[in-house]
Amino acid sequence: MIRRIERDRTRFRDLVRGKIKQDLKRFVAHGEMLGRKGKDLISIPLPGLELPHFRFGDNKKEGVGQGAGEPKSGEGEAGDAPGEHLLEVEVPLSELAQLLGEELALPRIEPRGKREMVAPAGRYVGVRRTGPESLRHAKRTLRAAMKRQLIAGTFDPQDPCIVPIRGDRHYRSWKSKPAAQSAAAVIYMMDVSGSMGKEQKELVRAEAFWIDCWLKSQYRSLEIRYLVHDAAAREVDESTFFHLRESGGTKISAAYELCAKLMREEYPPASWNVYPFHFSDGDNWSGRDTERCVELMKQELLPGCNQFCYGQVRSAYGSGQFKKDLDAALAGDERLVTTEIPDRDGILASIKTFLGKGR
Amino acid sequence: MNLTRDLERARAEIERHAKAFGLDFFPTIFELVDHDELNEVAAFGGFPTRYPHWRFGMEFDRLQKGYRYGLSKIYELVINNDPCYAYLMKSNSLVDQKLVMAHVFGHCDFFKNNVYFAHTDRKMVDRMANHGTILRNLMERHGVADVEAFLDRCLALDNLIDPHSKALRRAAPPPKEEGDAPPAAPAKLKAKSYMDRFVNPGRFLEQQKRDDQAQLRQDARFPSRPQRDVLKFLLDHAPLKRWQQEVLSLVREEAYYFAPQAQTKIMNEGWASYWHSTIMTRRVLRDSEVIDFADHHAGTLATSPGRLNPYKLGIELYRSIEERWDKGRFGKEWEHCESLVERRRFDRRLGQGREKIFEVRRLHCDVTFVDTFLDQDFCDAQEMYVYRTNPRTGRPEVASRDHSLVKEQLLFGLSNSGQPIVEVVDGNHDNRGELRLVHRFEGLELDLKFAGETLKVLETLWGRPVCIESKLDGKGTLVRCEKGEISTKEVAASGASDRPRDDK
Numbered sequence: 122m123i124r125r126i127e128r129d130r131t132r133f134r135d136l137v138r139g140k141i142k143q144d145l146k147r148f149v150a151h152g153e154m155l156g157r158k159g160k161d162l163i164s165i166p167l168p169g170l171e172l173p174h175f176r177f178g179d180n181k182k183e184g185v186g187q188g189a190g191e192p193k194s195g196e197g198e199a200g201d202a203p204g205e206h207l208l209e210v211e212v213p214l215s216e217l218a219q220l221l222g223e224e225l226a227l228p229r230i231e232p233r234g235k236r237e238m239v240a241p242a243g244r245y246v247g248v249r250r251t252g253p254e255s256l257r258h259a260k261r262t263l264r265a266a267m268k269r270q271l272i273a274g275t276f277d278p279q280d281p282c283i284v285p286i287r288g289d290r291h292y293r294s295w296k297s298k299p300a301a302q303s304a305a306a307v308i309y310m311m312d313v314s315g316s317m318g319k320e321q322k323e324l325v326r327a328e329a330f331w332i333d334c335w336l337k338s339q340y341r342s343l344e345i346r347y348l349v350h351d352a353a354a355r356e357v358d359e360s361t362f363f364h365l366r367e368s369g370g371t372k373i374s375a376a377y378e379l380c381a382k383l384m385r386e387e388y389p390p391a392s393w394n395v396y397p398f399h400f401s402d403g404d405n406w407s408g409r410d411t412e413r414c415v416e417l418m419k420q421e422l423l424p425g426c427n428q429f430c431y432g433q434v435r436s437a438y439g440s441g442q443f444k445k446d447l448d449a450a451l452a453g454d455e456r457l458v459t460t461e462i463p464d465r466d467g468i469l470a471s472i473k474t475f476l477g478k479g480r
Numbered sequence: 060m061n062l063t064r065d066l067e068r069a070r071a072e073i074e075r076h077a078k079a080f081g082l083d084f085f086p087t088i089f090e091l092v093d094h095d096e097l098n099e100v101a102a103f104g105g106f107p108t109r110y111p112h113w114r115f116g117m118e119f120d121r122l123q124k125g126y127r128y129g130l131s132k133i134y135e136l137v138i139n140n141d142p143c144y145a146y147l148m149k150s151n152s153l154v155d156q157k158l159v160m161a162h163v164f165g166h167c168d169f170f171k172n173n174v175y176f177a178h179t180d181r182k183m184v185d186r187m188a189n190h191g192t193i194l195r196n197l198m199e200r201h202g203v204a205d206v207e208a209f210l211d212r213c214l215a216l217d218n219l220i221d222p223h224s225k226a227l228r229r230a231a232p233p234p235k236e237e238g239d240a241p242p243a244a245p246a247k248l249k250a251k252s253y254m255d256r257f258v259n260p261g262r263f264l265e266q267q268k269r270d271d272q273a274q275l276r277q278d279a280r281f282p283s284r285p286q287r288d289v290l291k292f293l294l295d296h297a298p299l300k301r302w303q304q305e306v307l308s309l310v311r312e313e314a315y316y317f318a319p320q321a322q323t324k325i326m327n328e329g330w331a332s333y334w335h336s337t338i339m340t341r342r343v344l345r346d347s348e349v350i351d352f353a354d355h356h357a358g359t360l361a362t363s364p365g366r367l368n369p370y371k372l373g374i375e376l377y378r379s380i381e382e383r384w385d386k387g388r389f390g391k392e393w394e395h396c397e398s399l400v401e402r403r404r405f406d407r408r409l410g411q412g413r414e415k416i417f418e419v420r421r422l423h424c425d426v427t428f429v430d431t432f433l434d435q436d437f438c439d440a441q442e443m444y445v446y447r448t449n450p451r452t453g454r455p456e457v458a459s460r461d462h463s464l465v466k467e468q469l470l471f472g473l474s475n476s477g478q479p480i481v482e483v484v485d486g487n488h489d490n491r492g493e494l495r496l497v498h499r500f501e502g503l504e505l506d507l508k509f510a511g512e513t514l515k516v517l518e519t520l521w522g523r524p525v526c527i528e529s530k531l532d533g534k535g536t537l538v539r540c541e542k543g544e545i546s547t548k549e550v551a552a553s554g555a556s557d558r559p560r561d562d563k
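Taken in sequence, the protein lines are chains A and B.
FYI, in my numbering the residues of the first sequence are 122 to 480.
FYI, in my numbering the residues of the second sequence are 60 to 563.
Be aware that a few hints might be false.
[Unchecked claim] Derived CB-CB ranges, DEER-like:
| hint | chain 1 | residue 1 | chain 2 | residue 2 | range |
| --- | --- | --- | --- | --- | --- |
| 1 | B | Arg366 | A | Leu365 | 36 to 44 angstroms |
| 2 | A | Pro278 | B | Lys132 | 43 to 51 angstroms |
| 3 | A | Arg124 | B | Ile88 | 18 to 26 angstroms |
| 4 | A | Pro278 | B | Asp141 | 41 to 49 angstroms |
| 5 | A | Glu224 | B | Arg127 | 47 to 55 angstroms |
| 6 | A | Pro299 | B | Ser308 | 52 to 60 angstroms |
| 7 | B | His201 | A | Glu224 | 30 to 38 angstroms |
| 8 | B | Lys542 | A | Gly477 | 41 to 49 angstroms |
| 9 | B | Pro142 | A | Cys282 | 34 to 42 angstroms |
| 10 | B | Ala361 | A | Pro213 | 43 to 51 angstroms |
| 11 | B | Arg127 | A | Arg128 | 51 to 59 angstroms |
| 12 | B | Lys132 | A | Pro213 | 48 to 56 angstroms |
[To be verified] In silico contact screen, one side only, chain B against chain A (beta carbon under 8 angstroms); selected entries:
| hint | residue |
| --- | --- |
| 13 | Val174 |
| 14 | Val343 |
| 15 | Asp346 |
| 16 | Ala353 |
| 17 | Gly358 |
| 18 | Thr362 |
| 19 | Leu372 |
| 20 | Glu504 |
Hints are computed from structural coordinates only; laboratory data are not their basis.
Every residue gets a Cβ at the ideal spot worked out from N, C-alpha and C, and that includes glycine.
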């Protein structure tokens, strides 16, 4: 028999799902949730799921405390937006991806290569009496020692000195569980030249988040690399990728060369599903460099990846020429997908174009 | 009861000791459950047979997560019922179970004897099951979606009750008779014309006239006196269908059942902690169990800066009362004793402490408990303080250690269990059937966003526009909801701050 509470829980989850689905477009467009991303879960503020009540506002700046010492400010309280009382529901990323998939009617990706390697991963689950010193459980050990000394009558409250002996020691213990290793890699490339402003980067960030979300739901785990380029290209970490602001010219071929090198050396196509994504405002330095890009694309990038995605962000300064050039030069190659992202509301459409083919 | 042999032996022993100490409780039934089951029962507010609602599922989700990540763990759960039901977590160690059992007997005694619980239904387990059946039937007849939506609305208003109304009788409106209009002129006593001036003095007649008019105005109002039990008002006067009335009245009934638990949090937890500590340390503990007990007990009573632990405050208040009445530190002699040395040595050897705390647990709720027994000595001993956020640094700082300020601040948070006091003042506002509520402003502002949402809910029940008068930024404000649209406007601060007395 189903337990009573399970029915209520299912009902609750259905409500949550419904609400999220209803608001998916808004979430995607506004990137509200990107800041609160955890490892597997994400908190989404949902109005309307908490029952409203007449209640006091958050204007309580005073209170009563007890005990020695000064009051501390509550952790995390101060930073939150004042006056907002939204119920935060935690949703697994996989569930979010599923919703995205349903909404955009995304096909499942058929991975190539059979490289779902499996390696054991550990997790601490309990305590036992033997183990390496580095895993000693200090509190349990001291407690055991204190107990022993009390029973033996060697504990002196005036001089509470506790000396653990061999038999008192407790250690953390773990269990290993097989976990899949990655077989898919995403390489993000972004143009950080002077013409890419804050607004454009936000668009890229929001889009990257949702692409991550979907790909992660399709592969057990994902390797993600970040490249930025202006006239030269280099690899950076995630936070730099999204926050870096540089100026300078734009030489897209630099990025493509670096990407090709990565794929050659670390992600051979035989065992990896590689997804390069490139975001730019479409302004390249010269026509010759664009030719070089097309060349690289034909020779190295397209043959080595599942699909190459180029997203062009609209900017006040860019001409948007690069997308036209790519489309003209590589017309008919279905490994290349290009989209234009005019504004926040264009993100969903762009994602659909990128991921709609199920490659 | 499904206790193991060890636990059953411990239970019998603890029950014997509890009775010997004078605790008086309903028969108490312990159930041993695993954490899933415990979280389930807790999510249902203690009643496994409750009506279906997603809110319980949400709570269950939260509890499960808290448990899985090791953030929170429920040790025990006890229900105010005859017999009392208490749930023990299977995975607890034997010492923990003993402590919890002693704690539970404290709660049971409190439920049975505290006067604020006197009105609660002691067969609530059965009643809740009935409510569950009623709602399930209604859902079958009227559709799950409709009933659930209506239930959501009722639950949004379930703090608008009058928790004291069960204990005292609000003056009932005098029975009105049709055509019994007050006379146009005040009745005069019969008197000879030359005596009239003395028998019916002009001033008296004026007064009579004013009273009559006031009465007339009062009677014309609907409700004639501000009504705090908003749910009752809706039940009586809102255009509800039969089944909706049934749902609303059931929600209201449950709200009244739970109200005393919010009114006596400090007292109830303090009492239970006092007794688990007393029973365990004086009678039950074995030597080998002392450390585990102390660890757990210290965890329960731990205070952290800027936060108040009801267990700690409660148990310390009981202990201080016990000490004061043991030593006779009350009454004129104690109050007038000025010398510090003498005060410290003051001991009349009365030994009335135990007796006194039993009396206290019978008669008080948190508000009166703190108001009566929190004095400067207690504040000093417990290092209590009022803190305030320094507007310059944005950090909380100790503002005062004066007991009157500490008390004031505490009572502020405790009155009406920390809920705003809201009353119906007019069911026919502007003579167009609007419902007008007043928030009795006492220093804390309403959350405007939530108030708006709540008004929307209220409007769907009342069927006509609704409004609530309160104070925002020091100004009288009227928040109004018409056809789901919220508007606010400034009004002259009329009833929001000055509370009209309803007892003459």
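Going through the hints against the structure:
| no. | hint | verdict |
| --- | --- | --- |
| 1 | Arg366/B - Leu365/A: 36 to 44 angstroms | holds, 41 angstroms |
| 2 | Pro278/A - Lys132/B: 43 to 51 angstroms | violated, 30 angstroms |
| 3 | Arg124/A - Ile88/B: 18 to 26 angstroms | holds, 21 angstroms |
| 4 | Pro278/A - Asp141/B: 41 to 49 angstroms | holds, 45 angstroms |
| 5 | Glu224/A - Arg127/B: 47 to 55 angstroms | violated, 29 angstroms |
| 6 | Pro299/A - Ser308/B: 52 to 60 angstroms | holds, 56 angstroms |
| 7 | His201/B - Glu224/A: 30 to 38 angstroms | holds, 32 angstroms |
| 8 | Lys542/B - Gly477/A: 41 to 49 angstroms | holds, 42 angstroms |
| 9 | Pro142/B - Cys282/A: 34 to 42 angstroms | violated, 49 angstroms |
| 10 | Ala361/B - Pro213/A: 43 to 51 angstroms | violated, 33 angstroms |
| 11 | Arg127/B - Arg128/A: 51 to 59 angstroms | violated, 21 angstroms |
| 12 | Lys132/B - Pro213/A: 48 to 56 angstroms | violated, 23 angstroms |
| 13 | Val174 | violated, 26 angstroms |
| 14 | Val343 | violated, 18 angstroms |
| 15 | Asp346 | holds, 7 angstroms |
| 16 | Ala353 | violated, 10 angstroms |
| 17 | Gly358 | violated, 12 angstroms |
| 18 | Thr362 | holds, 4 angstroms |
| 19 | Leu372 | holds, 7 angstroms |
| 20 | Glu504 | holds, 5 angstroms |
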